[in-house]
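With these hints in hand, go ahead and build the complete structure from the sequences.
Oh and the sequence shown: position 14 is 13 in numbering that gives the first Met the number 0, straight run, nothing missing.
A couple of the hints might just be wrong.
[Unchecked claim] List time: in silico BS3-like cross-link candidates among lysine-lysine, alpha-carbon distance up to 25 Å:
no.: 1; residue 1: K53; residue 2: K67
no.: 2; residue 1: K39; residue 2: K53
no.: 3; residue 1: K53; residue 2: K68
no.: 4; residue 1: K53; residue 2: K40
[Unchecked claim] Across the chosen pairs, the derived CB separations fall in these ranges:
no.: 5; residue 1: C36; residue 2: T1; range: 29 to 37 Å
no.: 6; residue 1: R69; residue 2: I12; range: 14 to 22 Å
no.: 7; residue 1: R60; residue 2: G17; range: 13 to 21 Å
no.: 8; residue 1: A47; residue 2: S10; range: 26 to 34 Å
no.: 9; residue 1: R69; residue 2: T1; range: 27 to 35 Å
no.: 10; residue 1: T66; residue 2: T1; range: 22 to 30 Å
no.: 11; residue 1: T66; residue 2: G17; range: 18 to 26 Å
no.: 12; residue 1: K68; residue 2: R11; range: 35 to 43 Å
no.: 13; residue 1: I27; residue 2: I49; range: 34 to 42 Å
no.: 14; residue 1: K67; residue 2: R13; range: 12 to 20 Å
no.: 15; residue 1: E64; residue 2: S16; range: 32 to 40 Å
no.: 16; residue 1: S10; residue 2: R60; range: 14 to 22 Å
no.: 17; residue 1: T1; residue 2: I63; range: 15 to 23 Å
no.: 18; residue 1: L62; residue 2: Q38; range: 39 to 47 Å
What the hints contain is simulated information worked out from the structure, not anything from laboratory work. Beta carbons are placed, not taken as given, at the ideal position from N, Cα and C, and that holds for glycine.
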Amino acid sequence: MTTIGPGCRQSRIREDSGAYRVFYVATIGDEIYVLHCFQKKTQRTAKADIDVGKSRYQTMRALIEETKKR
0 MTTIGPGCRQ
10 SRIREDSGAY
20 RVFYVATIGD
30 EIYVLHCFQK
40 KTQRTAKADI
50 DVGKSRYQTM
60 RALIEETKKR
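Now the structure itself:
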């Protein structure tokens, strides 16, 4: 999911109740950062879900940078 940010991946889950997605980053240190989880309603990922992932990615990067400064 390079549209979200570098290193962002997605996990796709299919259940009887529907299709789900998880955006996460696992390439920074030893942590896994879960950015967004949602149920898919259409074949294409909604812009709103991508925007949430992007916003949380930027917040995650800012927090990591601030932590490094301490």
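Which earlier hints can't be squared with this structure?
-> 5, 6, 7, 8, 11, 13, 14 and 18
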